[in-house]
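Single-letter residue listing:
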Amino acid sequence: MLFFRSEEHVRRWCTANRHPVRPIVSMEQLWGLSAIWYATRLQADSRRPQPEEMRRIFGGLGLTGDFWDPESDRFG
Amino acid sequence: MSSHDDGLDLRVKVALYRRFAETGRRPSVDQVAADVGAGAEAVLAAYRRLFAKRVLVLDGDGSSIRMAPPFSGVPTQHVVESNGIRYFANCAWDALGVPVALHQSATVRSRCGESNEPLTLEVGPQGPGPSTWVFHCLVPAAHWWDDIVFT
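For the record, the sequence lines run as chains A and B.
When you number the first sequence by my numbering, it's gap-free, plus one each residue, and the end is 78.
When you number the second sequence by my numbering, it's gap-free, plus one each residue, and the end is 153.
Calculated directly from the structure, the hints in this document are not laboratory data.
Hints should not be assumed to be uniformly reliable.
As the list claims (entries may be wrong) - Facing chain B, a subset of chain A residues (Cβ under 8 Å, in silico): (1) Phe6; (2) Pro51; (3) Gln52.
As the list claims (entries may be wrong) - Some but not every residue of chain A turned toward chain B, in silico, with C-beta under 7 Å: (4) Arg20; (5) Trp33; (6) Ser36; (7) Arg58.
As the list claims (entries may be wrong) - If you want the ones that stay clear, here's a sample from chain B, every Cβ over 10 Å from chain A, calculated: (8) Val31; (9) Ala47; (10) Val100; (11) Thr153.
Note that the coordinates shown come from a computational prediction; the quantities given were computed from them, not determined experimentally.
Idealized CB from N, CA, C, for every residue including glycine.
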């Protein structure tokens, strides 16, 4: 999970390393993920989101499809 | 798992996260044991249960904390400075997660995964502000924990 200067940098990196290009996430979307995922992490009652919660979190940020489905088997 | 185990796991989780937050460094087993008033073996057993719950990841020695997301127990390319303390994050996502978890403003320093161009983000309560940089995750969500260190 890396930062890239632009989408073009992602494509160059994936080509050079023979990786598939995955969905590109904006900084605004990434902040949304972090803000939800880690807001209560230092609290005693914090817990990792369960699959259905994960789908809601991702979907709320426009991150949809099999790639973001925590239970998808499409990718083997 | 007994309710005693649940109680110890919770105390261990709170203690190790407090140590990370206060120092930016992973605590030793002995430090956590002292914090929770338990023996080292009991803490190691709690670590193993917390790994099963995807709360933390241990190094190959089976006792050092490699990851307690968003904190990394080892140096990484994702460095976060907040309130005079330097933290390492496990990945780009976690780099923004550190100030969120701490509820503090922070400076995030990382780099482009392709060109190594440095990235500096000033992160406040509303996030890092407009940026044309992007985030890319290679591993599908369903497989993140197949090898979470690689992910």
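For each hint, the structure was consulted:
{"no.": "1", "hint": "Phe6", "result": "5 Å, holds"}
{"no.": "2", "hint": "Pro51", "result": "10 Å, violated"}
{"no.": "3", "hint": "Gln52", "result": "11 Å, violated"}
{"no.": "4", "hint": "Arg20", "result": "11 Å, violated"}
{"no.": "5", "hint": "Trp33", "result": "4 Å, holds"}
{"no.": "6", "hint": "Ser36", "result": "4 Å, holds"}
{"no.": "7", "hint": "Arg58", "result": "13 Å, violated"}
{"no.": "8", "hint": "Val31", "result": "20 Å, holds"}
{"no.": "9", "hint": "Ala47", "result": "19 Å, holds"}
{"no.": "10", "hint": "Val100", "result": "8 Å, violated"}
{"no.": "11", "hint": "Thr153", "result": "7 Å, violated"}
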